[in-house]
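Q: Now for the letters of each chain:
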Amino acid sequence: MATQSAWEFKEGTLPETGTFAPAPKNPEDLQQIAGRPTTYWNDAIRRIRRNKLAVVGFWIIIALFAIAIFGPMLSPYTYAEQDLTNTYQSPTLRHPFGTDQLGRDQMTRVLYGSRISLAVGVVCAALNFLIGVTYGGIAAYFGGRIDDIMMRIVDILYGIPTLIIVILLTVLFKDKGVNPLVNVFIAIGLTYWLPMARIVRGEILSLKEREFALAAKTIGAPNNRILFKHLIPNAMGPIIVTVTLEVPAAIFTEAFLSYIGLGVSAPVASWGVLASDGTEAIRSFPYLVLFPALAISLTMFAFNFLGDGLRDALDPRLRQ
Amino acid sequence: MLKFILQRVLSMILVVLIVATATFFMMRLLPSGPFAREKKLPAQIIQNLEARYHLNDPLWKQYVDYIGNLLRGDLGPSFKYTNRTVNNIIDDGFPVSATLGVVAVLLSVAIGIPLGIWGALKQNGWQDNVVMFVALLGVSVPNFIMAVLLMLVFGLWLHLLPVAGWGSIRQIILPAFTLAGYPIAFIARLVRSSMLEVLRQEYITTARAKGLSERLVIFRHALRNILIPVVTVLGPLIAAVFTGSFVVEKIFAIPGLGRYYVTSINDRDYTTILGVTIFYSALLVFMNFLVDLTYAWLDPRIRYVERKVS
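Just so you know, the sequences run in chain order S and F. Residues 1 to 320 in UniProt numbering are what the first sequence spells out, letter by letter. Residues 1 to 310 in UniProt numbering are what the second sequence spells out, letter by letter.
No wet-lab data here; the hints were simulated from the structure. Keep in mind that the hints are not guaranteed to be accurate.
[What the hints assert, rightly or not] Covered stretches of chain F, as calculated for chain S (at least 3 residues, CB under 8 Å):
#1 6-19
#2 136-144
#3 148-161
#4 233-246
#5 267-277
#6 282-289
[Unchecked claim] To give a feel for the contact side, a few chain S residues facing chain F, derived at Cβ under 7 Å:
#7 F252
#8 V289
#9 S297
C-beta: ideal position from N, C-alpha, C; glycine also.
Given the sequences, and given the hints that come with them, work out the whole structure.
A: What follows is the structure, encoded as structure tokens:
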């Protein structure tokens, strides 16, 4: 039989007499003080809503997708329709953006170009996501020699300007007769996953040491289940930020390739092709380059705004 | 430190060799040979041409010869310009590109750093918003669009600067600002965020408590620590300036290496593509190496860790 020490007491055993009686506790009051519980994602959404530029970027992107899908359908012209009696028209009501060197309606071509740019952005970001997440995840999860070899390859590729690799791949596939748009997908998709691989690797390296990963391992979950169901979902924040910021990079690269004559070819109108055609005629018809230039810049703006906002909201290390 | 340098030099050589090998075989994989023309050449001429460029040797011998020549610094003849070698092309174009690139990098440091400091000092004020907006603008507007817009505004509408060409100082301004646009924005953002971080640290409070003027606190105490992240991003930014020069030189009609590179791509001048790619990679790898050395020299902590490891 242990003697009760003077230090121990149970709730309700405090002396009820004297000045220092405990305040009565009402469970409902406690609830009110605590506030609504919030999750990581709710918190992130709240943060992003407060970031005006990110919200603007988000709505611009929604509008761009709507324009890309419905815009060309509503236009009375097609992107390839030529009207050689009306070349190089200044903007008018019939042709709000004017016409180009073959009398094609510039607005229709810009609208059509948004399809190509957004398709490139989305497909390449998806490819980067698949390759980068798998590669970085595997390197980090298995660690050791596998990690060393895989990341050394990434280091080497990092040493070469990405754009040069993309250009070489584009030349290679173009001369092999691959469809130009598919070619752009392949070239960018195969190249731009490097930052993603590094970020995912860094995240997984720390996550795999955590208790929930150990718990999953203890109950005998197979490696691929631990990696793809437990670890990667927990690294989703930085992954989403990287994907969002890779979309404008891909859009830029496509426009760049088209601008130097390696992307899609006539009569298909990508923004890069339009900007390139416009530059040829810049001295006499400067508005021709203006609209595709504004379209590319606005799109890049919107994605960078959103990406920046997402980074502030989702990447806890950068929180202030 | 010596071991670090040696290790880096070895890995540099390795990277350049890997790039050379990969590009070599990629160029040989291309289905249309360098002499595929609209009008088919007589078989005898093709045979002579192939003999001249050793294309009828077995692939492994071509490769060994190429790497052997490469190690002696010989990049071989151009397929397109019959009397010029790739070395000639680099000798002609690189000084021009390098001049433009150096001016662009200097501009981006000289404008980006003060812009970032200004934004950080006026955090959340309108000045800060202006800096952040300019930074996002610089990151978002592609260089070829920037080139065209600058050309339109300053060359064609305001008639302040020449539209294109090379040779005078006035002709450098527009292309240099075009190339510097992205780095300025990048550096300004980076400096702003690291400045905000540094200003919260205790040694800054100490400096202020000593009664130092704000100018001294910022320029003597805070600035040094801000230079380190700026130096680390210089490598990728130099790469951005290189690749930017591909279009910028074309748009502004500057006879630099970037323009030759793009021309050689459109002409399918395989040896020139190959040679210039290797040259660019070697240059970039070397720049990254210099950046790393500067970094180790600037930050004593890195030297210390290095010594402990080796």
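Q: Does each hint fit the structure? Answer for all of them.
A: Going down the list of hints, with the structure as the test:
| no. | hint | in the structure |
| --- | --- | --- |
| 1 | 6-19 | holds (count 4) |
| 2 | 136-144 | holds (count 7) |
| 3 | 148-161 | holds (count 5) |
| 4 | 233-246 | holds (count 4) |
| 5 | 267-277 | holds (count 3) |
| 6 | 282-289 | holds (count 3) |
| 7 | F252 | 5 Å, holds |
| 8 | V289 | 5 Å, holds |
| 9 | S297 | 5 Å, holds |
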